[in-house]
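**Student:** Residue numbers (our numbering), protein chains in the order written: chain E, 1 to 321; chain A, 1 to 261.
Worth flagging that the hints you see were computed from the coordinates, not collected in a lab. All of these numbers come straight from a predicted model, not from anything done at the bench. Check each hint, because a few of them may be wrong.
Each computed DSBU-like pair below joins lysine-lysine, with the alpha-carbon atoms no more than 35 Å apart [said to hold, decoys possible]:
#, chain 1, residue 1, chain 2, residue 2
1, A, K76, E, K91
2, E, K75, A, K257
3, A, K81, E, K75
4, E, K90, A, K13
5, A, K80, E, K144
6, A, K81, E, K29
7, E, K127, A, K76
8, E, K148, A, K81
9, E, K91, A, K81
10, A, K80, E, K91
11, E, K148, E, K127
12, A, K76, E, K75
13, E, K127, A, K13
14, A, K13, E, K144
15, A, K80, E, K90
16, A, K257, E, K90
17, A, K80, E, K148
18, E, K36, A, K257
19, A, K76, E, K122
20, A, K80, E, K30
21, A, K13, E, K148
Negatives, chain E to chain A, calculated, CB over 10 Å [said to hold, decoys possible]:
#, residue
22, S18
23, G28
24, N54
25, S73
26, R192
27, D216
28, Q225
29, R257
30, S266
31, L296
32, L302
Each residue gets a CB set at the ideal place from its N, CA and C atoms; glycine is no exception.
Single-letter residue listing:
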Amino acid sequence: MKPTANKDNTIFLAELKSVNKVFRPGVGKKTVHALKNISLEVRQGEILGLLGPNGAGKTTTIKLLLGLLFPSSGKVRLFGENPADPASRKKVGFLPENPYFYDYLTAREYMSLAARLCGMEKNETQKAINYLLEVVGLTGAEGKYLRKFSKGMLQRLGLAQALINSPDLLILDEPMSGLDPLGRRQVRELIRNSNVRGRSVLFSSHVLSDVEAICDRVIIINHGQVAAQGLLSDLVSRNETKVEITVERPPQGLKDRLEAKGCVVSEAGGVLSIRLADPKMQDVVIEEIHGAGGNLHSLVPLRPSLEDVFMKEVGEKAEGV
Amino acid sequence: MGQILAIAGNSFKDSVRSRVMLGVFFLAIVMIVSSLVLGALSFGEERKITADWGLFCTSLFGVIITIVVGIQQIHKEIDKKTLYNVLAKPVSRSHFLFGKYLGTMSVAVASILIMAIVHQGLMLESTGTFEPRLLIGVLADLLMVMILASVATFFSSVASPFMAGLFTTGFFLAGRWLHEMKYLILQLSRMDSAFAHYMTWPLKGLYLALPNFAIFDIDGELVHQIALPNGYLLLLAGYSITYSAVLLLAAVRAFSKRDFL
Chain E
1 MKPTANKDNT IFLAELKSVN KVFRPGVGKK TVHALKNISL EVRQGEILGL LGPNGAGKTT
61 TIKLLLGLLF PSSGKVRLFG ENPADPASRK KVGFLPENPY FYDYLTAREY MSLAARLCGM
121 EKNETQKAIN YLLEVVGLTG AEGKYLRKFS KGMLQRLGLA QALINSPDLL ILDEPMSGLD
181 PLGRRQVREL IRNSNVRGRS VLFSSHVLSD VEAICDRVII INHGQVAAQG LLSDLVSRNE
241 TKVEITVERP PQGLKDRLEA KGCVVSEAGG VLSIRLADPK MQDVVIEEIH GAGGNLHSLV
301 PLRPSLEDVF MKEVGEKAEG V
Chain A
1 MGQILAIAGN SFKDSVRSRV MLGVFFLAIV MIVSSLVLGA LSFGEERKIT ADWGLFCTSL
61 FGVIITIVVG IQQIHKEIDK KTLYNVLAKP VSRSHFLFGK YLGTMSVAVA SILIMAIVHQ
121 GLMLESTGTF EPRLLIGVLA DLLMVMILAS VATFFSSVAS PFMAGLFTTG FFLAGRWLHE
181 MKYLILQLSR MDSAFAHYMT WPLKGLYLAL PNFAIFDIDG ELVHQIALPN GYLLLLAGYS
241 ITYSAVLLLA AVRAFSKRDF L
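Construct the entire structure; sequences and hints are all you get.
**Tutor:** Structure (structure tokens):
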């Protein structure tokens, strides 16, 4: 079981190559083309965010990688193997979306079951279980039945069971859903720490701030296709940077003169704000301000956020649908 | 093997911690114990009635428990999505299915054995002695539920619990009345009509394909102390193992190709 590598020796732990997934629900029901010729890979050592609106195909992509679904066409590889082969999942930890666990088990019993399913020896499990329950903050709740767990506790247990086999690749489907701000922060820390220990992480989300906070690379999926992908920094810088200039106590007529040049100008509390979509315009505007005897207060480049990128890739296409 | 046992053990816990299952089991015990009352009312046939009613209840509730547990096991995992956590681990689908089958069997075996122990206790109470010969009937029941559990596993891996329950119960009833079906085929083959001709072939197919549950019903022989043919239990065991293995392999084949949405 070996992960594949490309020409520049980047190791791919998981890959989808030109994958299509079509669901045929049965007679009289509409065929759903969930994934359309999608190609992506998870690289060793990275935190990859799978971003997209609800129904974009994120969970389908993850299920294909885990062998829970079969591709209609194309190739799926997990550690270089077909995910239908159980050996390919030996070094994978998975947390499903809205995880539901056997509620008749206690947390310790569930962790013990997870360890046995991973083929771990009995003598190595108890130590690992104690450690992981402590890491996710469930020490003291190990004897409690899961039916009495809150959603946040279940989510944390889900993370603990995903880590039981010390996986090289963590696949997390919406790991922050249903968590309070403190819980979200803890999960973010956990993902970061896992990555520091050398684990690769693939996680799906539709919460942009979560992705922006921890991902190295982002793949935006929309309508079953890859809408954009790349390093977070590249994706953001690929998009235009705007500039905002403010002028205190603006001289009379400056606003009209700037608007005549095509600038978007607003005035509030004696301060004029000028937003420039094209940064090249800033010299012209500054000259105009000085020429009019105005007092330039600030010039701030507005870096686009992941939300801007996401809205550009997803929002605009959605409007066009 | 460790994974199969882990899945089986988990299924067993699921059933024994379920209030519904405990209710069914409690009802079974009450029904068996009621044989004492029936025996007391029978004027001189106390031993026969206690033996007969106890074997009947053990068999009936063994079947009910096997069907109820068997048809729920897999569907519940799919419906509640607990299956994702299992199959995302290095567990093959065949191991999952075998584990579920063993889980169903462990519940059925435990229930039947407890019912048999209670029954033996009642025999001691009513006749002053144990009747170990009746345990042969219990063994036949265990071999029968072995097939029934594989039928339930097969249907629950390809159909909804309602359909799986319907088909499994249908299989059991048809298999129990296979002698009657044979008689019907014989009568139809003697009739000189196109309808009878066209009905004969599908019925013959069913007769060959359905498991013969009637051969496991040896209560009459045991209660009336009639000797069984030599090697009869070995024959039942061979039949049961072969039929269960074929059905489980068919279930694995169907289950391995399923998409889990």
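**Student:** Taking the hints in turn, state whether each one holds.
**Tutor:** How the hints compare with the structure:
1. A:K76 / E:K91: Holds, at about 27 Å.
2. E:K75 / A:K257: holds, 16 Å
3. A:K81 / E:K75: With Cα atoms ~25 Å apart, A:K81 and E:K75 stay inside 35 Å; holds.
4. E:K90 / A:K13: Satisfied, since the Cα-Cα distance of roughly 26 Å is no more than 35 Å.
5. A:K80 / E:K144: holds, 20 Å
6. A:K81 / E:K29: holds, 23 Å
7. E:K127 / A:K76: Holds, at roughly 31 Å.
8. E:K148 / A:K81: holds, 18 Å
9. E:K91 / A:K81: holds, 21 Å
10. A:K80 / E:K91: Holds: A:K80 and E:K91 sit about 25 Å apart, inside 35 Å.
11. E:K148 / E:K127: Satisfied, since the Cα-Cα distance of roughly 24 Å is no more than 35 Å.
12. A:K76 / E:K75: holds, 31 Å
13. E:K127 / A:K13: holds, 24 Å
14. A:K13 / E:K144: At roughly 15 Å apart (the allowed maximum being 35 Å), E:K144 and A:K13 satisfy the hint.
15. A:K80 / E:K90: holds, 24 Å
16. A:K257 / E:K90: holds, 21 Å
17. A:K80 / E:K148: Distance of about 17 Å is within 35 Å: holds.
18. E:K36 / A:K257: Cα-Cα ~21 Å, so holds.
19. A:K76 / E:K122: Judged against 35 Å, a Cα distance of about 28 Å means the pair holds.
20. A:K80 / E:K30: holds, 25 Å
21. A:K13 / E:K148: Holds - the C-alpha atoms of E:K148 and A:K13 are around 17 Å apart, at most 35 Å.
22. S18: Check passes; 19 Å lies beyond 10 Å.
23. G28: holds, 18 Å
24. N54: holds, 15 Å
25. S73: holds, 14 Å
26. R192: holds, 22 Å
27. D216: Holds: least Cβ distance 23 Å, greater than 10 Å.
28. Q225: E:Q225 clear of chain A: closest Cβ-Cβ about 20 Å, beyond 10 Å.
29. R257: holds, 61 Å
30. S266: holds, 49 Å
31. L296: The claim holds: E:L296 sits with its nearest Cβ about 58 Å from chain A, beyond 10 Å.
32. L302: holds, 42 Å
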